[in-house]
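Protein sequence lines correspond, in order, to chains A and B. In case it helps, our numbering puts the first sequence at residues 1 to 172. In case it helps, our numbering puts the second sequence at residues 1 to 190.
FYI, nobody ran anything at the bench for these hints, they're computed from the structure. Keep in mind the model is a prediction, meaning the values are calculated, not measured. This list has only true hints and no planted wrong ones.
Not the full set, but computed from the structure, chain A residues with beta-carbon under 7 Å of chain B:
1. 12
2. 46
3. 49
4. 57
The C-beta atom is built at its ideal place from N, Cα and C for all residues, glycine as well.
Listed below, chain by chain, are the residues.
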Amino acid sequence: MTCRGTNKYLPLLAGNELSRKKALKLKAHLERCPGCRKEAEEISAALDAAKGLAQKEALRDWTDSEWRQMLKSVTAADMERKQWGVRLVRKPAFAFGLALLLFAAGALWLQKKLPLRPEEHGVLQARSQTAVQRSGESAGQDVLSMTIVSQETGLKIVWFFNKNFEWKENPQ
Amino acid sequence: MDDRERALVERVLSGDIDAFEPLITPYRQPLLSLAYRITRNWEDAKETSQETFLRAFKYLANVDVQKSFRNWIYQILINTARNLKKKQAVQERLRCDALAPELFVDSGNDPEQHQLDRELRSQLADCLDRLSDREREIFLLRDIEEWNIRETADVLKCSSIAVRVHLSAARRKIKERIKEKYPFLLEVRR
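In isolation and in its complexed conformation, chain B is listed as follows (with noise of 0.2 Å):
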């Protein structure tokens, strides 16, 4: 945690609530964003990503100043979005969910700029449902959030080598699924 998350963590805790925007503003889009990306539904992120804020003040006292306070809000995210897959029963709606239109940003009147963003969604939204709960949350938080493996295992409260596994079939399975399903965007890249 740096000092001015620490400072503002301490000004939230002393009273000043008010203190709490600042501290979770540079985590607003993309908490919101990997919510998303594991619920695969724009209405369960925006309940994720609020729980997940509501918790984090809740539970501000249990914070630990000398650890990394991105990662503690990210492991609120993680566990706030699994419990709501659980109770949902996610699982039968992502596939009927998994267009949602609404967490996109507008693509204008451009119907050709549409359908590209439709399947641009539909592509990544393939991919990532082939992916196990685990597997998915491993190949967020690495490949596309870009955090190191060591953070990931951090988050997600299991071992680097945990990481490594999941994320190696992570990996295998969306080569599988982009070679069997969409060859050209291998072609593209060659």
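Same shape as in the complex, but just chain A (with noise of 0.2 Å):
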């Protein structure tokens, strides 16, 4: 094994993180080479020291007072959470609702306007003001004649309607 070899594996060496071939390998190397025995000495002493500096260094825990705080909090944002979670159940029933409410309103004002067929009735509406005025009588009158004419044999046909759209043909 040569010494570019073995160098790079040095740091998983000092862990005891190579397969135990490997490791009997880069050993062998070691005992042969001083320089890449030096750096795997230094190697794993460094890594000795920064795990002793890290044991030494005694960090702080949570004070109770602090851990019960955030116990609390934690449990609080959660209770919020669940309000915030009934209400995200509570928004669809809300919209289908409101849904619901538009759709009767639509029906509602379809149920008035269909029956009547506005344009329906603005041509009969038209119609009839042109009868009106073709027979020369007042739009306030109480009977309605129509005219029917045969093209071919020249037979006339009039028909008069009262208020209740009650006809009579030819009344004279």
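Using the supplied hints, reconstruct the complex from the two chains, each of which is provided in its own coordinate frame.
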């Protein structure tokens, strides 16, 4: 094994993270190579030193009051989350209710509008007005006449309608 | 996850909020310490730990009872710390707050001990500052917390090979720093 190849694995050797076979190869090289051996010793020593520093670094724990407060805030946040959860559950219900209301309003509007058929109603109104004008009578008349003339025979039929839409043919 | 943890998780999920405390108490100090070592700032460490517990509580229903609870909660901590660092651009503050005294046990009135503690913290902080975020996380989990490679990879969501590569780089950087700035630490151990 070369020095370069050995050097690459020295940090892992220091932490015993190599396979047994690889570790044996490296150790065999270290036996023969003082330069690599020195590097390996330095890495191991540095690793031990860093671990030692960390162990001596006595970090503080939460105080009991801090811990209680923290737990309380966690629980409180969860309660708040649950309340939001309830709101979220309610929201679709609210949306569904609103949609239902809108649908009902729309249905009512359609029911009111559809039987009248505004367009047809307008046409009828226009036709009746034309008929009124043609017959030379006032708009407030009680009787409406409709004349049908056959182009082939010249036969003429006049219908008279009263307010109740009851009709008479050629009453004269 | 052991039987005790599994039972506590089930209790919390069934609505017994009080069961959450015994579930997280074993991780109370370790998580705070690791959070400090990642963020190098007491306030950030507290915030990170608190957020970790909050998320653990919130997402407890997602935990896989077949897997390690410890790995799961440490994973949350690492992610929370990363997010916090991104958010606050802590890199600048690391230098200023590296010696935040509040997190450490009071050395009492002994000025010599106080000075010694301060130097100790300074040395470790200085070494850790040389590492990239990823290297620091891996070094802390593997060498300081003494997790194995597989667990470390699992928590950090990376491959074992990536852990080995970063670990090698981290150890080499720490060796270089100690050799350069604190050679007496190596002498003591020889």
